[in-house]
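Note that the protein sequences, when read in sequence, are chains A and B. Residues in the first sequence are numbered from 1 upward in steps of one, following full-length UniProt numbering. Residues in the second sequence are numbered from 1 upward in steps of one, following full-length UniProt numbering.
No lab work stands behind these hints: they were computed from the structure.
Which chain B residues stay away from chain A? Per the calculated CB distances, all over 12 Å, these:
1) Asp22
2) Glu23
3) Gln26
4) Leu29
5) Asn43
6) Val48
7) Leu49
8) Ala61
9) Asp64
10) Asp73
11) Arg76
12) Pro93
13) Ala103
14) Glu110
15) Ile139
16) Glu149
Pulled a few chain B residues facing chain A out of the computed Cβ check, cut under 7 Å:
17) Gly36
18) Gln38
19) Phe119
20) Arg120
21) Tyr124
22) His129
23) Ser198
24) Leu199
25) Pro214
Yeah, the Cβ is synthetic: ideal placement off N, Cα and C, and Gly gets one too.
2 protein chains.
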Amino acid sequence: MDGRAHAGGPGLRGRFRAQVRDEIKQVALRQLADGGPQALSLNAVAKVLGVSGPALYRYFANRDALLTDLVVDAYRDLAAACEAATAGAWKDPADRLRALAKAYRAWALEEPHRYRLLFRAPLYGYDAHSEPLVQASQIAMNVAVEVLEGIAAEGPVAGGELEAPLAEWAAGRGMPGAAAVIAVRATTLWARLHGLVSLEIEGNFASMGLDPTPLYEGEITNLLTTPPA
Amino acid sequence: MDGRAHAGGPGLRGRFRAQVRDEIKQVALRQLADGGPQALSLNAVAKVLGVSGPALYRYFANRDALLTDLVVDAYRDLAAACEAATAGAWKDPADRLRALAKAYRAWALEEPHRYRLLFRAPLYGYDAHSEPLVQASQIAMNVAVEVLEGIAAEGPVAGGELEAPLAEWAAGRGMPGAAAVIAVRATTLWARLHGLVSLEIEGNFASMGLDPTPLYEGEITNLLTTPPA
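Bound conformation, chain A alone (with noise of 0.2 Å):
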């Protein structure tokens, strides 16, 4: 039921369902900013929208299903805006990766309560790592491949050796040594780039009274002088 409102032609029908959909994530998206997950509640999205909770249940399932759509929805958005900001493979490889962290970075600081959603389980006992989130999260890694391998093309990255265990990893996934290569340096990116983001939404880097944006571009530049591990 719920593929119709994506599928070719939607007909009013789907037309309807998926509007009433993007009604209720907005709703639900405005839950999430003044409360947490925690208050987020398919009944009081249905109290805003003046409907019954049985009407409401008909487009989610329940209250996992909502969340599911708002966190693979975060997924596509940060990713698209990195896209967006590193758009024009012609451009300096070196700006493009500068400029992927700087819309990174401005996504969440926008964004910080669907930030939040990210890489975790936002309430206790949610699968952060269910098939459509996982394949959502691939989509933001994408951009930060792509981007990685124009600057292994010409930089001084390609020479690095990946350590035993990571060069095995890659192996057992059928990665040839230079994808590998590149795979570890965007995982390294968006863990240095998660740590960075985590602790700045949440207020650590305000309550030293430092502005943590020379933090960000220092690792940006350190990543793009030194070899990989």
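For chain A, the structure is supplied; the task is to place chain B on it using the hints.
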């Protein structure tokens, strides 16, 4: 009242009070491990201990007060684990930094439900930057600063230039240049470890089939061999 248990000679009453508070915290930690911060409830603790709710409120004014004690304990225990791992200032400074990173990671993997209390509000609306929490987090940071001082004293680290905004930040706090370099490097170390640990304890590397050990090692080697931003 509260301070009594920790003061010089607490006496029988003070000792009993400290003991009851510890028992309450042990039960609360189990709730946290079993159901996350939302599961934390003074009334539920009272039920487990077989006492009335009001009796318990004589020991902790409310859930947030209990939570604050747990967060402070977590900061202190993480700091103690890092300190124990790096004890012995005569040791090779690089080895001490590697030991610090290992201890930080090991503690987080051992106690993910407690690591999640750090550097963010575990519950919506909870103030993660109240004075006792900032002080407690500083203890962990001081361990990193002390270890990094040893490296700056002999390694390639001291030569780096601080970027202008960071230099300004440091000057505004009356830090001499060398101390500022160390503070920035400690912050970078913290962000890198927090990024990797946060991703790891939420299962993100496991879902990629990736053992992140070489990523941690790579980040520390990188910190040891490159000048600061």
